[in-house]
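Peer 1: Chain by chain, the residues run as shown.
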Amino acid sequence: MNKNFIPDIFQPRRIFVESGVSDLAMTRRILQKFPHQTIEYIDDANQFPATFQLGSDEKWNHDLLLAKQRGPFLRLCPGTQKHLCCLYHNLDVAAGCDLGCSYCILQGYLHNPLITIYCNIGDMFTELDNKLSQHPNSFYRIGTGELTDSLTLEPISELGPELVTFISKRHNAIIELKSKNVHLQPLLSLRHKRRTVLAWSLNAETVTQSDEGKAASIEARLAAAREAQNAGYKLAFHFDPMIDHENWQIGYRDIVERIFSTIQADNIAWISLGALRYPSAFDEIMRANHPRSRIFLGELLPGVDKKLRYFRPIRVELFRAMYSWIRSYSSTVFVYLCMESRDVWQKAFGWAPRNSAELKSLLDDCVLQ
Amino acid sequence: MIKTQFAFVPVKFDEIDDADHTYYIPSCRNIKPLLTSIEQIGLLNPPILQPNNSGQFRIVCGFRRVRVLRELGMTTKLSAFVFDSVEPASEILLHALLDNLTHRDFNPVELSYILQRLQEFGLTREKILADFLPILGFGRNPKVFELYEGIAHLSHDWQKAIIDDRVPLDLLHTIQTLDDLDSAVMIKVFDTLRLGKNRQREFLQLLVDVAQIQHLTIAQLTAEQWFTQILTEPSWTFSQKTEHLKELLWEKRYPRYITVKNQYEEVLKASQMPPGLDLHHPPYFETNEFSLNIRFSSLSELLQKLDHLEMMIKNGYIQKMIDLV
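Protein sequence lines, in the order shown, are assigned to chains A and B. Heads up: the first sequence runs through residues 1 to 369, numbered per the working numbering. Heads up: the second sequence runs through residues 370 to 694, numbered per the working numbering.
It is possible that part of the hints are untrue.
In silico EDC-like pairs for lysine to aspartate or glutamate, Cα to Cα no more than 20 Å straight-line [unchecked claim]:
1. B:Lys630 <-> A:Glu299
2. B:Lys566 <-> B:Glu616
3. B:Lys630 <-> B:Glu620
4. A:Lys307 <-> B:Glu634
5. A:Lys68 <-> A:Asp23
6. A:Lys307 <-> B:Glu658
7. B:Lys512 <-> A:Glu284
8. B:Lys689 <-> A:Asp343
9. A:Lys82 <-> B:Glu658
10. A:Lys307 <-> B:Asp578
The set of hints was computed from the structure by calculation and includes no laboratory data.
Chain A extracted, bound-state conformation:
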């Protein structure tokens, strides 16, 4: 892979539009970007998977669906039993991603083969406004990177600037845009008041090259982070999923070193660590989609939540090493584990939040300062 690889902007092969959103501003804005594309109008996106068939050479995530979000946009992260959760809120602005990482759990969660952008964003801002106004004493860390990559569809949806501006005017929320892509130019000149955290998922170079599909290179992601830093944004980095692979120590240590040689530690809101994990029911799907990947050959065993995870001592070893490398560069950057038990925290970091509420409070403090 080219050291400075940046993926092409997503070009849908076909575009489907749910008739209920065809007149909305966001729909029109998106369709204007594809003047020569044939548009197919459908009545109800929920009925879509039943009638939509892939051809023999077709893969997921080549087509775009513009649809209405019928449920709430904002959801509290469901967490997982007996594990500490940071009590994050997910804002589902889209579902699906064009990057094609082998470990992506969207392969199992999403049941239709299209990338969906929800175009009724007026409803979304009303919902956000109501939620934040009705709970003025609660603090919300919100992210759009759960069901999609936060930046990869940005050139099409152009939602980022609206979100950044909206959140900049709220005292009790921040938004985190989490990505493996680098489409952030329209965000750089905004008045964000440091209420947006621009975050990049990172991995060891070898993992990026073998298992992160069309994601931007590490070099490109770090260059984007530097641009975001120059634009005054708070930053975050997520090593999730960490992969237990040959010479992982060299690979991950190298990335940590590159972060701190590129970014000032006091601009980093947090760094999260998480090890490869996914519901055991997805194992077959993920292996079938990525037959050449070796990540599924790790010592992945069923956990209490029925997800496959690395054998616990392996996770502790990964986290402990990363924590010590990060600490060698910064004694203050907040480092947390995603979906791990208190016991693993204790073994890896030498301390643990008492519960999920305390973890939330510690993370809130990182952006309230």
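Starting from the known structure of chain A, fit chain B onto it as the hints suggest.
Peer 2: Same frame as chain A, but now just chain B:
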């Protein structure tokens, strides 16, 4: 919809070219009942034929009936339905399919050959999905198409195992990714160990994973001495062989977990726990919650077991177990 017309006409038996398999839908069924029926009461259901370009007739429906008539020497006269068109057509193949469906269910191997034939007739995957899979009793599911399509390419041993319902169909997605040699080795391992369906799934995944971890093919892995020795050990039962192989495959697949598990079992053994005192480690050592079960039938027995437990604590056995996780 079949638009072609046909007529019921007398045909000379030697005009039937039963080597022409244009519309042949393979049948893996016993022909004896049909033979008995035709022998005793004659041919009740005439074959359906189509003229070909060489002045003979190809069979559309009734390959087995013609074969039986030939075997019985009943080859003097025959009345048959004859299509008026000469060219092979997918619509006529559909007719053959529908005729077959009136008196039998297709097994997976037959279904696979049908899908292959439909494609040979130039039908697209989309057309087969939309028009033919529902007739064959499936939804319009591309995964079903891919699964059954691949069966025709499997070896005879695999096809036989599928027809005999000795292997689960969901396994075939993985089998179809193996090369011929690995595929042949797998069915041999299944047959040699007489594995049930769940065990087949478990063994297939273990062998595929271990082979990949060790950068070997399955054939190379199963040719290693430790594997062949267990497989050919004359004094072990099938289930003993299976257990031994599974144990060794787990050691190679999950080396760190098995090391810890073995260490735990060594500590447990050294502590000489009496019967009725059971200490269990957390599943896969994922949490730090051990469980203890004490069975007793008298106060003295309980005290005896509690004494043993105290000894285990004092001598550091319990701590060693806790330290493992």
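Peer 1: All hints, please: hold or fail.
Peer 2: Status of the hints after comparison with the structure:
For a cut-off of 20 Å, the pair hint linking Lys630 of chain B to Glu299 of chain A stands: about 14 Å separates their Cα positions. At roughly 18 Å between alpha-carbon atoms, Lys566 of chain B and Glu616 of chain B fall within 20 Å of each other, so this suggested pair holds. Proposed proximity of Lys630 of chain B and Glu620 of chain B is supported: the alpha carbons are some 10 Å apart, at most 20 Å. As the CA atoms of Lys307 of chain A and Glu634 of chain B are separated by approximately 26 Å, the hinted pair breaks the 20 Å bound.
Between Lys68 of chain A and Asp23 of chain A the CA atoms are separated by roughly 12 Å; this keeps the pair inside 20 Å, and the hint holds. Annotation: proposed proximity of Lys307 of chain A to Glu658 of chain B holds, straight-line Cα distance about 18 Å (limit 20 Å). Between Lys512 of chain B and Glu284 of chain A, the direct Cα distance comes to roughly 13 Å. Compliance with the 20 Å bound is thereby established for this hinted pair. For the suggested pair Lys689 of chain B and Asp343 of chain A, the alpha carbons sit about 17 Å apart, so the restraint of at most 20 Å is met.
The suggested pairing of Lys82 of chain A with Glu658 of chain B holds, with an alpha-carbon distance near 12 Å, which does not exceed 20 Å. Of the pairs offered as hints, the one joining Lys307 of chain A and Asp578 of chain B holds, with about 19 Å between alpha carbons and a cut-off of 20 Å not exceeded.
Checked against the numbered hints given earlier, the structure breaks only hint 4 and satisfies all the rest.
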